[in-house]
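Colleague: Numbering of the sequence shown is given in my numbering, commencing with residue 3 and proceeding in unit increments.
Hint data in this document are derived by calculation from the structure and do not stem from the laboratory.
Any given hint might turn out to be false.
[Stated by the list, open to error] What follows is a list of derived Cβ distance ranges for each label pair:
no.	residue 1	residue 2	range
1	Gly22	Ser159	32 to 40 Å
2	Pro45	Gln160	36 to 44 Å
3	Leu8	Lys110	16 to 24 Å
4	Lys107	Gly44	25 to 33 Å
5	Glu91	Ile174	37 to 45 Å
6	Arg189	Thr21	22 to 30 Å
7	Val168	His87	24 to 32 Å
8	Leu148	Gly22	36 to 44 Å
9	Lys9	Arg132	39 to 47 Å
[Stated by the list, open to error] Restricting the straight-line Cα-Cα distance to at most 20 Å, the calculated cross-link-like pairs of lysine to aspartate or glutamate (EDC-like) are:
no.	residue 1	residue 2
10	Lys9	Glu187
11	Lys48	Asp86
12	Lys124	Glu83
13	Lys172	Glu149
14	Lys125	Glu91
15	Lys128	Glu90
16	Lys188	Glu165
17	Lys115	Asp80
18	Lys164	Glu149
19	Lys110	Glu145
20	Lys188	Glu93
21	Lys107	Asp56
22	Lys125	Glu187
23	Lys60	Asp109
24	Lys128	Glu187
25	Lys188	Glu13
26	Lys128	Glu165
27	Lys124	Glu145
28	Lys124	Asp155
29	Lys125	Asp155
30	Lys124	Glu187
31	Lys115	Glu90
32	Lys124	Glu165
33	Lys125	Glu145
34	Lys110	Asp80
35	Lys115	Glu149
Model, not experiment: these values are computed from the prediction.
Don't be surprised by glycine CBs; every beta carbon is placed ideally from N, CA and C.
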Amino acid sequence: MLQQPLKFSHEVLKDTIITGDHVIDATIGNGNDTLLLAQLVGPYGKVYGFDIQDEAIKTTEDKLLLTGQRPQVQLINDGHENIDHYLEENELISAVTFNLGYLPKGDKSITTKPETTLTAIKKALKYLRRQGILSIMVYSGHEGGLEEKEAVDSLVSQLPQKEYNVLMYKFINQVNLPPYLYIVEKR
Numbered sequence: 003m004l005q006q007p008l009k010f011s012h013e014v015l016k017d018t019i020i021t022g023d024h025v026i027d028a029t030i031g032n033g034n035d036t037l038l039l040a041q042l043v044g045p046y047g048k049v050y051g052f053d054i055q056d057e058a059i060k061t062t063e064d065k066l067l068l069t070g071q072r073p074q075v076q077l078i079n080d081g082h083e084n085i086d087h088y089l090e091e092n093e094l095i096s097a098v099t100f101n102l103g104y105l106p107k108g109d110k111s112i113t114t115k116p117e118t119t120l121t122a123i124k125k126a127l128k129y130l131r132r133q134g135i136l137s138i139m140v141y142s143g144h145e146g147g148l149e150e151k152e153a154v155d156s157l158v159s160q161l162p163q164k165e166y167n168v169l170m171y172k173f174i175n176q177v178n179l180p181p182y183l184y185i186v187e188k189r
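Model the full structure from these sequences, guided by the hints.
Modeller: Below, the structure written as structure tokens:
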């Protein structure tokens, strides 16, 4: 049976991240990816979790506290375009996740934006270790979503083949602009 793109992304993360790694959740949302990342890096790893919405930070913090995963997570109430303000200059990151769009069950007028997303992706690639991955879930069915989709599509399709492998995982026979996934692996 074929997996939905988000589930496939989680399988790739599980195959990439080991205990002690440093990782980034660039859009924590309701905290599901943050929790998975915290479990994968374990108590000696580190998760940087970014979101601009207080609601997302609070929901994620509650989820982490309930599961005992809070100690290894730094929740940052800031835009993902500022990741370089929180990481050490030579810090190596094994995985970065993005879920574009809006906070599920939240204010749909607050969305990721092409300019900040592209800045964040470019910065994240600089910190990515060899064989590290960048996972980008693209949701385009919201206000401004098609513009962001086109910007991300353009950026990742132009990454140099000698430096990156780029996989697109999507269902092509579904209606209503289904989400799809990019996995970018640093070679």
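Colleague: Are the hints correct? Go through all of them and say.
Modeller: Hints, verified against the model:
{"no.": "1", "hint": "Gly22 with Ser159: 32 to 40 Å", "verdict": "holds, 33 Å"}
{"no.": "2", "hint": "Pro45 with Gln160: 36 to 44 Å", "verdict": "holds, 39 Å"}
{"no.": "3", "hint": "Leu8 with Lys110: 16 to 24 Å", "verdict": "holds, 19 Å"}
{"no.": "4", "hint": "Lys107 with Gly44: 25 to 33 Å", "verdict": "holds, 30 Å"}
{"no.": "5", "hint": "Glu91 with Ile174: 37 to 45 Å", "verdict": "holds, 42 Å"}
{"no.": "6", "hint": "Arg189 with Thr21: 22 to 30 Å", "verdict": "holds, 24 Å"}
{"no.": "7", "hint": "Val168 with His87: 24 to 32 Å", "verdict": "holds, 27 Å"}
{"no.": "8", "hint": "Leu148 with Gly22: 36 to 44 Å", "verdict": "holds, 40 Å"}
{"no.": "9", "hint": "Lys9 with Arg132: 39 to 47 Å", "verdict": "violated, 26 Å"}
{"no.": "10", "hint": "Lys9 with Glu187", "verdict": "holds, 18 Å"}
{"no.": "11", "hint": "Lys48 with Asp86", "verdict": "holds, 15 Å"}
{"no.": "12", "hint": "Lys124 with Glu83", "verdict": "holds, 9 Å"}
{"no.": "13", "hint": "Lys172 with Glu149", "verdict": "holds, 18 Å"}
{"no.": "14", "hint": "Lys125 with Glu91", "verdict": "holds, 11 Å"}
{"no.": "15", "hint": "Lys128 with Glu90", "verdict": "holds, 12 Å"}
{"no.": "16", "hint": "Lys188 with Glu165", "verdict": "holds, 6 Å"}
{"no.": "17", "hint": "Lys115 with Asp80", "verdict": "holds, 14 Å"}
{"no.": "18", "hint": "Lys164 with Glu149", "verdict": "violated, 28 Å"}
{"no.": "19", "hint": "Lys110 with Glu145", "verdict": "holds, 8 Å"}
{"no.": "20", "hint": "Lys188 with Glu93", "verdict": "holds, 15 Å"}
{"no.": "21", "hint": "Lys107 with Asp56", "verdict": "holds, 14 Å"}
{"no.": "22", "hint": "Lys125 with Glu187", "verdict": "holds, 15 Å"}
{"no.": "23", "hint": "Lys60 with Asp109", "verdict": "holds, 15 Å"}
{"no.": "24", "hint": "Lys128 with Glu187", "verdict": "holds, 12 Å"}
{"no.": "25", "hint": "Lys188 with Glu13", "verdict": "holds, 17 Å"}
{"no.": "26", "hint": "Lys128 with Glu165", "verdict": "holds, 11 Å"}
{"no.": "27", "hint": "Lys124 with Glu145", "verdict": "violated, 23 Å"}
{"no.": "28", "hint": "Lys124 with Asp155", "verdict": "holds, 13 Å"}
{"no.": "29", "hint": "Lys125 with Asp155", "verdict": "holds, 17 Å"}
{"no.": "30", "hint": "Lys124 with Glu187", "verdict": "holds, 13 Å"}
{"no.": "31", "hint": "Lys115 with Glu90", "verdict": "violated, 25 Å"}
{"no.": "32", "hint": "Lys124 with Glu165", "verdict": "holds, 13 Å"}
{"no.": "33", "hint": "Lys125 with Glu145", "verdict": "violated, 25 Å"}
{"no.": "34", "hint": "Lys110 with Asp80", "verdict": "holds, 18 Å"}
{"no.": "35", "hint": "Lys115 with Glu149", "verdict": "holds, 9 Å"}
Violated hints for the displayed structure, listed by number in ascending order: 9, 18, 27, 31 and 33.
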